[in-house]
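Dock chain A against chain X, hints included.
Just so you know, the sequences run in chain order X and A.
Take any residue in the first sequence, count from 1 to its spot, add 111: that is its number in this note's numbering.
Take any residue in the second sequence, count from 1 to its spot, add 111: that is its number in this note's numbering.
Read the hints as simulated data drawn from the structure, not as lab findings.
Do not rely on the hints blindly, as some may be mistaken.
In this list, chains with the same sequence are indistinguishable; a pair is considered to hold if it fits within one copy or across any two.
[What the hints assert, rightly or not] Cross-link-like lysine-lysine pairs, in silico, DSS-like; alpha carbons within 25 Å at most:
#1 K385 <-> K440
#2 K582 <-> K440
#3 K371 <-> K440
#4 K444 <-> K371
Number of protein chains: 2
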Amino acid sequence: MDEDLKAIDMKPLFFPKTIAVIGVSKNKVSGLKFVLANYMSGYVESGGKVFPINPKYKEIEGYKIYPSLFDPEVPDIDLAIIAVPAENVPNVVRDCGKKRVKFAIIFSSGFGESGLEDLEIELRKAVKEVNKYTRFIGPNCLGVHNPYSKVCYYPGSVICPGNVSYVSMSGGHTGRLSHWLVSQGTGVNNIVSIGNSVDLTAIDFVNYFREDPVTKVIALYLESIPDGRKFMKVLKETTKIKPIIIWKGGQTEEGQKATKSHTGGLAGSIEMWKAMAKQTGVILADHFEFFADAVTAFSVKYKLPKDEKVCILACGGGIAIEYSDLCIKNGLKIPELSEVTKKELGEVFPPVNTSFTNPVDLGEYGYIPYNFDKALRIVAKDPNISSILFVREAERFVLFQNVLGIPNMEKITIDLMNETTKLIDKPLFCSTSPNSQEVEHYTYRYTFKEKMLKIDVPVSDLIANTCRIIKEMVAYNNYLKRNAKVV
Amino acid sequence: MDEDLKAIDMKPLFFPKTIAVIGVSKNKVSGLKFVLANYMSGYVESGGKVFPINPKYKEIEGYKIYPSLFDPEVPDIDLAIIAVPAENVPNVVRDCGKKRVKFAIIFSSGFGESGLEDLEIELRKAVKEVNKYTRFIGPNCLGVHNPYSKVCYYPGSVICPGNVSYVSMSGGHTGRLSHWLVSQGTGVNNIVSIGNSVDLTAIDFVNYFREDPVTKVIALYLESIPDGRKFMKVLKETTKIKPIIIWKGGQTEEGQKATKSHTGGLAGSIEMWKAMAKQTGVILADHFEFFADAVTAFSVKYKLPKDEKVCILACGGGIAIEYSDLCIKNGLKIPELSEVTKKELGEVFPPVNTSFTNPVDLGEYGYIPYNFDKALRIVAKDPNISSILFVREAERFVLFQNVLGIPNMEKITIDLMNETTKLIDKPLFCSTSPNSQEVEHYTYRYTFKEKMLKIDVPVSDLIANTCRIIKEMVAYNNYLKRNAKVV
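Excised from the complex, chain X in its bound form (with noise of 0.2 Å):
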């Protein structure tokens, strides 16, 4: 087997047996978080071992504090958390490999992207020294979150499974991406924020993430690469399979310089990456809320669309207008029905205040659930078009429920959705188009995603980015089409 993809077993790194964390000290911010996290996310709770190290304290908060890595009553590691001062960090490095812990996570900071080359450069000699023994993240990172095995890198981290693995480069962005996944409940699998990586790489881990049966969609956020005609390889073994969505940080000059001083790579032209994901099939993403939404698009059971035809279903004209400025300019197409559906549309809906030809507006009456599932199923049918991109202001169901003495929109509206994309092989995806902010209104809406997710439907708040991402599918398709045979 090729070796540039050869993955390698990283179980004892998202699912340790024994946790040793090095450095605790009595300040919440350092090694002391990550005893916290995990026994606060039920990691020791079921079975799993956390051994907290200083020799300059016995106990601290009630919880065992052990001398050293080599003390009798440790046994053996899985994965070691090193959370020491910067310039102790080689010798812990050291002290790993002889113990033969399997993963350590470099918690600290303070080498090359501090400006203290020297530093690292020590670092990454003890680490070449001992890696045969030892793997390690980081440093300057924040580590691995697990929810199957529970392993967590904050306390109060929300325990909710998914099939998102995902690697950044940055701790911030590490968790933004962890969090709004969770919090919609789309959960997550494999987070693991690599920091400066003076050891593994994304591309260790892409390797482990392709053969990982629970990923069904990879998230990388990364500002440079270290081999970029090995990770190309591996990129292309990879999106043959599964997804990749990657955010690049430093897509400008100005953001590049930043990176120096953040995670301290070489970045690359935004050209350059932009090439790379073409010949990949790799799908790029240059801010965070598309590249959330990319990333839920792909992590439900996605259908992909086959080609750039879209029909639009809109309630109301400006609606309709504003989603085909969207959809043309970014690069999709609206075409004209069929016929056979205008007519179909007509026998459905009332002449006065809709449009039957695309963008499609089916006026007030399309608020009303039954009638919007006869339009789906409808327009469905039609061979001039190959996704549906849809309109639900959830948070005017219960506006609308009055008006039309029509309870239970919501539940209405999902129950046939989840019966008609079923029935139906073309795409949908859904847009909210936000009204109101309040926080009864944006419960509404939140609630109602939760929802669509659940059945399989892409759904966002965000018109651009649900058009985008119509159109990076339709891109991945083609994408499969010339590439996958060849797995």
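Just chain A now, with coordinates in the frame of chain X:
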């Protein structure tokens, strides 16, 4: 005075003493809703009088119904709402003229936008006959709303007075921006949905809003404009005094095609609109979220940045890079800070996990409101920059309150900023950088944003919008420098 710039007295429209609703029936989505709206909003309670008219009824839902506009009990009418079937509209229009009604809103649709060109021609003829007595809004529109007079077009409208006046060709987009502004506490002033505009057009309203002292910012959603030359003249005259933000619906060929069945006008290419915006100092929006954020930013007591040079204040390297990318992509500059600034920041913040070049990464210590306030004051003095873009993740206040032991972090942040904005002359822009969709976290962001707007700091969840707003404000400032002296 130039006839093109003459403002019609619209007091009887926005502050009517009497309203006639012609064509009430038991159907709650037609005429009756205007009656209900104005009873429920407090219009009647504050002395306004509503006269529902229909010869077929004597009473509906406890309201007395009058047989005709010419009934002796119906007094002089400031505002009539015409909600009869399209084919009867021309006759009712003539009746309004005969009765010397001052303004009439034609709510009915089914004219040019539905392909019924003949009926629209007849309507235009009738309007022309009587518009020396009566001025008309619509057809195919919602009409007007004013929270000061409590005139409403929808039952249950929240009365929230503000300084934004808004004209929209789409009923849906009328409600959308209006709800959005009300839901964030910004409120609205004169709101008008004009539909196909057979008589009064956006031009007439802009002329009125220019003279209206309560209006501080003008928002327009337009799909077409009847008289480009006159419109340009009016825009030029107005932007010298107050900002105008236009969302152009139908920016693409397909979008324009869709406007035909919506409001029926001739749209003009987006290039033409862009050229017009540049020549008149108008800010052009291309989707709802930017439109809403831009209107909001101009609704506060804003300061215009003198040029593109922005200082980014972030907590976290990933976010600093994200904001740098988006600033540069939106045509802004992130210049190097002066040595004095870097030195002073170094006196407040530690050297590890921070970066004092622009973008500034304040690290975790930047979450402490007192430190953050010091950073604001330090960078505000830097001669190399003209505005400050900063991050406050309101949803994490509670978390950091507990970690850092600072209770009431939101209040301290707002109070300090309220003092600081008064002392510094450079504009501040805030981004909330959402991490979580949970209702609890959303609520923290929502209340924080409302409070930031109250102390006149523009704020948004969407960083791309904020960057674009800064750029547009710089452009508007440059426009004013070149043109405002002509006033």
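Each hint tested on the structure:
no.: 1; hint: K385 <-> K440; in the structure: both (19 Å within a copy, 16 Å between copies)
no.: 2; hint: K582 <-> K440; in the structure: both (11 Å within a copy, 21 Å between copies)
no.: 3; hint: K371 <-> K440; in the structure: between (34 Å within a copy, 19 Å between copies)
no.: 4; hint: K444 <-> K371; in the structure: between (41 Å within a copy, 18 Å between copies)
No hint from the list above goes unmet by this structure.
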